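Student: Taken in order, these protein sequences are the chains called W and U.
For the first sequence, the residue numbers in the working numbering are 9 to 635.
For the second sequence, the residue numbers in the working numbering are 7 to 238.
Calculated directly from the structure, the hints in this document are not laboratory data.
Predicted, not measured: the structure shown is a model, and the values here were computed from it.
Cβ coordinates follow ideal geometry from the N, Cα and C atoms, glycine included.
Misleading hints may appear alongside valid ones.
Chain W regions said to be covered by chain U (calculated; three or more residues, Cβ under 8 angstroms) [what the hints assert, rightly or not]: (1) 315 to 327; (2) 346 to 353; (3) 453 to 464.
As a plain string of letters, each chain reads:
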Amino acid sequence: MYLTWQQRLAEDTSLRDLANWPGIATYQCESSKYRRQFLRNQQIVARVLAGDKQSEVANAVGVSPSWISRLLSRCLGGEDSTPPRLTAGLIPYNHLASGQRRSPLSSVTKPRGARCSFSHLLTVAQGLKAYLDNEIKKDVGDDKRGQNLTPKTLHQAFINHLISIHWPRDTYPFTEEKRGAESLRRYYHLMRAQLTMPKDNYCPTQPRVQTDRIFSEIEIDSQTMDVFTQAAIIDTHGNLKPVRLSRVSLYLARDVASKCYLGYWIAFTKHPNQDDVLALLKQLVTPWSPMTLTTPGLTYPPGPCFPTALDETVCRLTLGIVKFDNAFVHSAGTVRDFVCNRLGATLNFGLPKQPKGRHVIEQAFARVNQITHRFKSTTGSHPRDPIKESQKLSKFPPLLSLKVLEEVVSVFLAEENARLLPQLEHHSPLDIVANQLANCYLLLRPRMPENALNPFIEERQIRVCKTKAEQRSPYVHFEYLRYSGRGLNHAHLIGQMILIRFDRRDIRSLHAYSSKGEDLGSLLAPRSWQRYAHSLKTRKAIFKLNQDASFDRSDPLLGYFSYLDEHKALPAYALELVRVNREYNAGVIELPETPATAELSVSHRRPATTKTDVPAWSSTMVCRRRR
Amino acid sequence: MPRPQRITDPSTLETLARVKIDSLIPSQQATAPSFLRSANCYQQRFIKCAEICTFHCEPEFIHAILLELDPEVSVFVPQPFLLRIGRRRYTPDMYAMREGQAYVLELKPDGEFDPGLHQTLTPFFAHHGLIFDVVANETIMKRETEALHWLPLIQALVVARDVDTQSEEGRIWQACCARSGTTQVGDFVHPGDRDRTMLSEVALHRLLHNGSLCADLSRAPFAYDTELRPCT
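Starting from the given sequences, assemble the full structure and let the hints guide the process.
Tutor: Structure, rendered in structure tokens:
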């Protein structure tokens, strides 16, 4: 319903006070003439709203009373569903409504001008607007039935459509020289802009509760590092030969309140798996120990560098909410079990494609990239980044070794933890942690057995098998292999479920318990799989690769190693070679052993020097390469 | 548990016939991995729920903390049932047992819920002795700060769920009742030697959790000077 200005004032009495109208700076009026007229209009409206008679105001200002009435209608009148124009109506020559054609369209016999003809045509020509909108929508929406439109092609379609609906040839747009091309071009760009606007997703923003307690929110994320590295590998002739490695991934954990880096993990792959996440989580609950730095010029800042080195109690603090992104590995059962069951913390997967929800960790990666972008072997931030490694250099292995990169990251994060930050009122993150440890009541987890907080220790229920046709001892199936041990040599266990406990990093042996809790001792993998410590990931990789490539069955671990060695020219294989080399040399196994299995015990000796033993980096190495 | 209501109205009976449910025993419905990764999901272990709970949004998570802290609530289960209403599948957000009465709760922004579904579900659950209610997210999020202040205590209790503190609880309870002035957390926790007073800490947390002791954490987090008082 249309409201007159008097009705509008009766409906909303607050509009009687000009102070409630939106303000406008008079300099927005282009010239002094316009400014004068604007101030005059403002004065007229103010006086009428104050209660002066229109005739008196008209006499005083020198306009007619009807002109004043029109001005007030311009400012306050209009449909009740739309807000009044108010101050915008005071601006002289301001077009408040879009033009509308009242007369019929121009024709050859009765030319009437082309003003507002195009918008009028859209309303009178049957189905024209829907047709044009649909064509533009199909183009913008990448519909397979659409076409890549330009204003020219759309104009052709527009004319064809008018012909198809038998639009009179003596009427607009056929009466114009360009047949409405310019109006159509403007309409096309307007519609295209409207259709590409972001959708209004209703997402009410809640005021965030700013936490100042350390460890109440921890953000974790990974990123493929923006730099290529090399590893020196001794070839078959005994020569030291550097090979280019694929890019590694960096996992970081950072506390939101103190901005302190809690731990990091470099995964030797572009696609980290759950073991890499667990390795990072383990750092949150174990005391930090510094790396042995071999790179000249790199030193840790004095004192503890990570919170877990501050005090033993830091490893026992409750962790609050652990925020991940929605990567597939973060929802792994092992990660959920460790975070929720063993640490009692909350696991949170943020909304997809919303990295600003975890801005603290994203900011951390931006800082790390500042360092990695200094190396000549960097990839830069994007494919066209000018600092990206040149084609000339990319033909050879980079100078930066993997060991040096690990040391650089370790020292850099240590220095970041000790750096005074303005957002922390010029305290370092470690100062904040130390201060809260001393003064705040931070909740601790009770002391637990040594292995209780080892995320790599996993338990599974598994069935004991015995093949009647074979004269073999009972066994269990575990990760493609049969495991056996003296503890299973009991008839009552056959067909029963038992509990096995194992370390994901070394699955040469499992520890078994019966359903009643009796210790059944260790179960060992076949002898061909006993030579080197190997993880669940390596075993899966071997069996996956075994489908395509054949290995030496008598020693599949060495066979896999040799396969990688043969293909080390490819960076991804070279990186896997380095990973496997470290894993084979680690030889960790923390599970308890029973005397009964002593004769079948796993050989924990470190393997003899392998071909890929990487010497520590030194400046002489560079000189050697230059020669 | 109240006895199920007898329904005689034919239209209501017709409505009830459209609702299918496998079991009315509340059991957390599995969240699809794709959904887990596409929503702002939270996972947390609680004392009053037997397994790791998955919450599909922040208000659900905050609501669970508040239920955990409510001494009148004995158990709760998120996503407890899977109902089929005609062709539509529906999973309520929460099942909670409060003072012997089972509630089925749905959390919605502004408490706005599909009226048709509401009209179907209310008599259905009432028929089985449960009360169906819609809770506005905003009313829950008003207590977000308080809930997040209590969260570390719940997490510490989850990890210490196997620690026996029965005798220690009695000692702390008596000390709180006997003391004429205010009792503070620092009276039972030694800042310099936390290991020595760890059992007292866990016992204190349990008393706060089961409602024997009260503390106001609506403004400040747990601290050495947080005042404790016996709940009446």
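Student: Run the structure past the numbered hints and jot down the numbers of the failing ones, going up.
Tutor: Of the numbered hints, all hold.
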